[in-house]
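Student: Sequence:
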Amino acid sequence: MLEVLDTAGQEEYIALRDQWIRDGEGFVLVYSISSRSSFARIQNFHHQIQRVKELSISGSPTYPGSPLSASSNGSAFGSAPVMLVGNKCDRVTEREVSTQEGSALARELVCDFVEASAKKCVNVEKVFYDVVRQLRRQRPQPFG
102 MLEVLDTAGQ
112 EEYIALRDQW
122 IRDGEGFVLV
132 YSISSRSSFA
142 RIQNFHHQIQ
152 RVKELSISGS
162 PTYPGSPLSA
172 SSNGSAFGSA
182 PVMLVGNKCD
192 RVTEREVSTQ
202 EGSALARELV
212 CDFVEASAKK
222 CVNVEKVFYD
232 VVRQLRRQRP
242 QPFG
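Take the sequence shown: its letters are residues 102 to 245, numbered as in our numbering.
Derived by calculation from the structure, the hints in this document are not laboratory data.
Take these hints with a grain of salt, some might be off.
[Stated by the list, open to error] Calculated cross-link-like contacts (lysine to any residue; reagent style SDA-like; alpha-carbon spacing at most 20 Å):
1. K227 / A207
2. K221 / R192
3. K220 / R192
4. K227 / V105
5. K220 / G125
6. K227 / R237
7. K227 / R238
8. K220 / T108
9. K220 / R237
10. K220 / T200
11. K221 / R238
12. K221 / E195
13. K220 / V193
14. K227 / R208
15. K227 / E104
16. K221 / R196
17. K220 / L130
18. K221 / S133
19. K221 / T194
20. K220 / F146
21. K220 / Y230
22. K220 / V105
23. K221 / D191
24. K227 / S133
25. K227 / L106
26. K227 / F214
27. K220 / S133
28. K220 / D191
29. K221 / V129
30. K220 / D107
31. K220 / E197
32. K220 / S139
Could you put together the complete structure from these sequences and hints?
Tutor: What follows is the structure, encoded as structure tokens:
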């Protein structure tokens, strides 16, 4: 089962955010290609995830059975996959963030990147399928 928690970066959820990050097994960081400020906030969210996951892995595990509590592969978040998404790619004339900038940030953050349009249903399913695929690859395969 896939559970998606969409906080939209809203400040009223800030007190709960660390707990949600601790419990999360995969992350989708979304900015609008028509909003430079939303793109600039991505690094703050990424750093918060990194901080919470590092504490979670080195201190107390997230919960029994979680791939994050079982092992760490040395990446920033242990084994938690991250996808960077430039949303609203249908708003070409309003673009403030180039595809190249999104791709460069994804390389810097060591995560996958895709541009999408929720309105036009472009690459929306791909985002979730890719994160789930990464999670499934990390799970130990049953013997037998």
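Student: If a hint holds in the structure, say so; if it does not, say that too.
Tutor: We went through each hint and held it up to the structure:
For a cut-off of 20 Å, the pair hint linking K227 to A207 stands: about 16 Å separates their Cα positions. For a cut-off of 20 Å, the pair hint linking K221 to R192 stands: about 10 Å separates their Cα positions. About 10 Å separates the Cα atoms of K220 and R192, which keeps this hinted pair within 20 Å; it holds. About 14 Å separates the Cα atoms of K227 and V105, which keeps this hinted pair within 20 Å; it holds.
For the hint pairing K220 with G125, the CA-to-CA distance comes to about 26 Å; that exceeds 20 Å, so the pair is violated. A hinted pair counts as satisfied when its Cα atoms are at most 20 Å apart, and K227 with R237 qualifies at roughly 15 Å. For the hint pairing K227 with R238, the CA-to-CA distance comes to about 16 Å; that is within 20 Å, so the pair holds. The straight-line distance between the Cα atoms of K220 and T108 is roughly 18 Å, inside the 20 Å bound, and the hint therefore holds.
In summary, the hint linking K220 to R237 is not supported, as the alpha carbons are separated by about 28 Å, beyond the 20 Å threshold. Taken as a hint, the K220 and T200 pair is honoured in the structure, with Cα atoms around 18 Å apart against an allowance of 20 Å. Distance hint between K221 and R238 is unfulfilled; the C-alpha atoms sit about 30 Å from each other, more than 20 Å. Simply put, K221 and E195 have alpha-carbon atoms about 16 Å apart, close enough for the 20 Å limit, and the pair holds.
Of the supplied pair hints, the one linking K220 and V193 holds, its CA atoms being roughly 13 Å apart against a limit of 20 Å. This hinted pair checks out: K227 and R208 have alpha carbons roughly 19 Å apart, not beyond 20 Å. Pair hint K227 plus E104 holds up; C-alpha atoms about 16 Å apart against a cutoff of 20 Å. This hinted pair checks out: K221 and R196 have alpha carbons roughly 16 Å apart, not beyond 20 Å.
Straight-line distance between C-alpha atoms of K220 and L130 comes to about 17 Å, which keeps the hinted pair within the 20 Å bound. The suggested pairing of K221 with S133 holds, with an alpha-carbon distance near 14 Å, which does not exceed 20 Å. For the hint linking K221 to T194, the alpha-carbon distance of about 16 Å falls within 20 Å, and the restraint holds. A distance of roughly 24 Å separates the Cα atoms of K220 and F146; the hinted pair therefore is violated under the 20 Å criterion.
At most 20 Å may separate the alpha-carbon atoms for a hinted pair to count; K220 and Y230 meet this at roughly 18 Å. With a C-alpha separation of about 18 Å, the suggested pairing of K220 with V105 holds against the 20 Å cut-off. Only pairs whose Cα atoms come within 20 Å are accepted, and K221 paired with D191 is accepted, the gap being roughly 7 Å. Between K227 and S133 the CA atoms are separated by roughly 17 Å; this keeps the pair inside 20 Å, and the hint holds.
At most 20 Å may separate the alpha-carbon atoms for a hinted pair to count; K227 and L106 meet this at roughly 17 Å. A C-alpha spacing of about 11 Å is found between K227 and F214, which places the hinted pair at or below 20 Å, so the restraint holds. Our distance criterion of 20 Å between C-alpha atoms is met by K220 and S133, whose separation comes to about 12 Å. The hinted pair formed by K220 and D191 meets the criterion: a straight-line CA distance of about 8 Å does not exceed 20 Å.
For the given pair, K221 sits about 19 Å from V129 by alpha-carbon distance, which is consistent with the 20 Å threshold. Between the alpha carbons of K220 and D107 the distance comes to roughly 16 Å, so the proposed pair stays at or under 20 Å and holds. Annotation: proposed proximity of K220 to E197 holds, straight-line Cα distance about 18 Å (limit 20 Å). Using a Cα cut-off of 20 Å, the hinted pair K220 and S139 holds, with the two alpha carbons roughly 18 Å apart.
Comparing the model with each earlier hint shows violations of hints 5, 9, 11, 20; every other hint is respected.
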